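Participant: Residue numbers for the sequence shown follow our numbering, so the first one is 103 and each next one is one higher.
Keep in mind that the hints were calculated from the coordinates and are not lab data. Only a predicted model underlies this, so the values are computations on that prediction, with no experimental measurement involved. Hints may contain errors.
Claimed, not checked - Using 30 Å as the maximum straight-line C-alpha spacing, the simulated DSS-like pairs for lysine-lysine come out as follows:
id, residue 1, residue 2
1, Lys-139, Lys-350
2, Lys-121, Lys-132
3, Lys-121, Lys-139
What the hints assert, rightly or not - Derived DEER-like restraints, expressed as beta-carbon distance ranges:
id, residue 1, residue 2, range
4, Pro-323, Ile-131, 49 to 57 Å
5, Phe-346, Asn-250, 21 to 29 Å
6, Tyr-507, Pro-452, 32 to 40 Å
7, Leu-503, Glu-397, 41 to 49 Å
8, Tyr-507, Phe-346, 29 to 37 Å
9, Ile-131, Leu-503, 55 to 63 Å
Note that beta-carbon positions come from the ideal geometry of N, C-alpha and C, so glycine has one too.
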Amino acid sequence: MAQEGLSSILFEVASNKPKACVNCRRRKIKCDAVRPKCGQCSRSMGFQDCEFVDEGPTRTQMLEEQIAILGGRIEELEKPRELRSTFKLHNPYSSDRRSTSLPALSPGGSSGHLSLSQSELSFSPSATGAPSFSEGIPRVELNALVSNFLDHCSQFGFFLHVHNFREAVAERSGQRPTPALLDAVHLWAVHLAGPDFATHEAYYLSHALRSTVAALSGTHPNTVLHSIQAEVLLTHYFLRNTRFLEGKYHLSAAISLVLSSGLHRIRSADAAFARSGPLGPPFHALAPPRDAVEEMERVRGFWTVLTMNNCWTTADGSPSNISYTMPDARIDTPWPGDIDAPHNQFQELPELSIGTVTTFLANLPDSGNSMAALHAKAAILFEQASRLASQYRPNMTNDQLNQFYASFNSMDVLIEGFRSTLPAVQIPGHWHGHGARETLLVHALACVAAIQLHNPFVVDTASSRERALDAARAVVADLTHVPVSDFGFLDPIMGVRWRHA
Numbered sequence: 103m104a105q106e107g108l109s110s111i112l113f114e115v116a117s118n119k120p121k122a123c124v125n126c127r128r129r130k131i132k133c134d135a136v137r138p139k140c141g142q143c144s145r146s147m148g149f150q151d152c153e154f155v156d157e158g159p160t161r162t163q164m165l166e167e168q169i170a171i172l173g174g175r176i177e178e179l180e181k182p183r184e185l186r187s188t189f190k191l192h193n194p195y196s197s198d199r200r201s202t203s204l205p206a207l208s209p210g211g212s213s214g215h216l217s218l219s220q221s222e223l224s225f226s227p228s229a230t231g232a233p234s235f236s237e238g239i240p241r242v243e244l245n246a247l248v249s250n251f252l253d254h255c256s257q258f259g260f261f262l263h264v265h266n267f268r269e270a271v272a273e274r275s276g277q278r279p280t281p282a283l284l285d286a287v288h289l290w291a292v293h294l295a296g297p298d299f300a301t302h303e304a305y306y307l308s309h310a311l312r313s314t315v316a317a318l319s320g321t322h323p324n325t326v327l328h329s330i331q332a333e334v335l336l337t338h339y340f341l342r343n344t345r346f347l348e349g350k351y352h353l354s355a356a357i358s359l360v361l362s363s364g365l366h367r368i369r370s371a372d373a374a375f376a377r378s379g380p381l382g383p384p385f386h387a388l389a390p391p392r393d394a395v396e397e398m399e400r401v402r403g404f405w406t407v408l409t410m411n412n413c414w415t416t417a418d419g420s421p422s423n424i425s426y427t428m429p430d431a432r433i434d435t436p437w438p439g440d441i442d443a444p445h446n447q448f449q450e451l452p453e454l455s456i457g458t459v460t461t462f463l464a465n466l467p468d469s470g471n472s473m474a475a476l477h478a479k480a481a482i483l484f485e486q487a488s489r490l491a492s493q494y495r496p497n498m499t500n501d502q503l504n505q506f507y508a509s510f511n512s513m514d515v516l517i518e519g520f521r522s523t524l525p526a527v528q529i530p531g532h533w534h535g536h537g538a539r540e541t542l543l544v545h546a547l548a549c550v551a552a553i554q555l556h557n558p559f560v561v562d563t564a565s566s567r568e569r570a571l572d573a574a575r576a577v578v579a580d581l582t583h584v585p586v587s588d589f590g591f592l593d594p595i596m597g598v599r600w601r602h603a
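Please take these sequences and the hints and turn them into a complete structure.
Facilitator: Here it is as structure tokens:
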């Protein structure tokens, strides 16, 4: 009997059928569970993805969860200001919430609901305390991967002081980074580690996404700044992996945090604007910075987000999330400095600052000469040139043409003047540092700005054709003289820029 019982158990385990995919479950139809795409989904014209719950949280589930969070954020921002003070953050995974019903994204256009139980939403203590790696990579090995990521982190939007961050992670000085930021860094560390660690990536991605949900409910003194950094890293991660919808979601979250915390008004000479501005008082008002390094981190955080916004929204033709040319949305934050320079070379911020972007676009002199500042300026030129060129129409009236060509000529002069002042790409002895990669990136972006500006006229106008060709040749020349293969990693936007060239 004992043997018979054992055989029965083994039979039951062996005959356990694969679970149906998410699409077939929702449609309540039979699924053959063939991976990576079942027969039903292969025959359907409406389903691009075929996802299985037993592989962990699906992309659809993660997107639905993030959309619900963003919807709540929008609803909260739409409340009258007098009601905002009563808004309290909560842990969406607390034990008193048994389930969460999220709107399903149905390719057919019908609405439905995906109910996630508490057990499906459970995650590690990283949302409220130190991350647990019992299911992941051993801590010693993970720390080595983190160190490798930090060697290249500037290419992926890391704007914090790298040395201080290393010390804080190792608990040698300062307070340990927030769980949301640590999880985002761990995700990148595993992602860059290569195929040997690919099986762990989904685990760390799930942790990073869930940590960002409760990121602002913590008590860490740098909660907001670290949340912005986490969102920036997730944006770069998704864009690098061509998951553009998710990347743009996290970019929007980073922009929301930057503006709601007043990072665009740092050291503003307009006291009234600094206190309120067009969006009212900062919703996530920050305490005064503890030192010059922390203030520079905030400055760099703002410009990093603006640069990402300009590059990626322009690349896909979507509207910008930051209307910095409007008077009511003026940017006063000074240009960023090179935060990782030795302390005796640390660039001091101006005592007061006003109209940083509008001053630059007016072709007036400023003190923004650091590589981070040049990167931000190049991104602004790329965005402004592309949007100006898109406004041209052959059937414009004379007044419209005069106004367009006045703006066109001013932008052309500004771009060429900017290109002429850039440091040479070929910097001896810096090929393996961040400086060479950043210089190449800025040169490419400035050249693409020139190409975009003249693109509508290259067929019929010889001067525009020559200007665009000159910029394209400059990009090619830089690439032939620079050992790009030695860089290891590059900012994902470089692929987009080279395509435009």
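Participant: Each hint: holds or not?
Facilitator: A quick look at each hint next to the structure:
For a cut-off of 30 Å, the pair hint linking Lys-139 to Lys-350 stands: about 26 Å separates their Cα positions. The suggested pairing of Lys-121 with Lys-132 holds, with an alpha-carbon distance near 10 Å, which does not exceed 30 Å. Taking the CA atoms of Lys-121 and Lys-139, the gap is about 13 Å. The hint holds against a cut of 30 Å. Range check, Pro-323 to Ile-131: Cβ separation about 53 Å, and the 49 to 57 Å hint holds.
Range check, Phe-346 to Asn-250: Cβ separation about 26 Å, and the 21 to 29 Å hint holds. Against the hinted window of 32 to 40 Å, the Cβ-Cβ separation of Tyr-507 and Pro-452 comes to about 35 Å, which satisfies the hint. Separation of Leu-503 from Glu-397 is about 46 Å and conforms to the stated range, judged on CB atoms against 41 to 49 Å. Our hint of 29 to 37 Å for Tyr-507 and Phe-346 holds, since their Cβ atoms are close to 34 Å apart.
At roughly 59 Å, the beta-carbon separation of Ile-131 and Leu-503 lies within the given 55 to 63 Å, and the hint holds.
No hint from the list above goes unmet by this structure.
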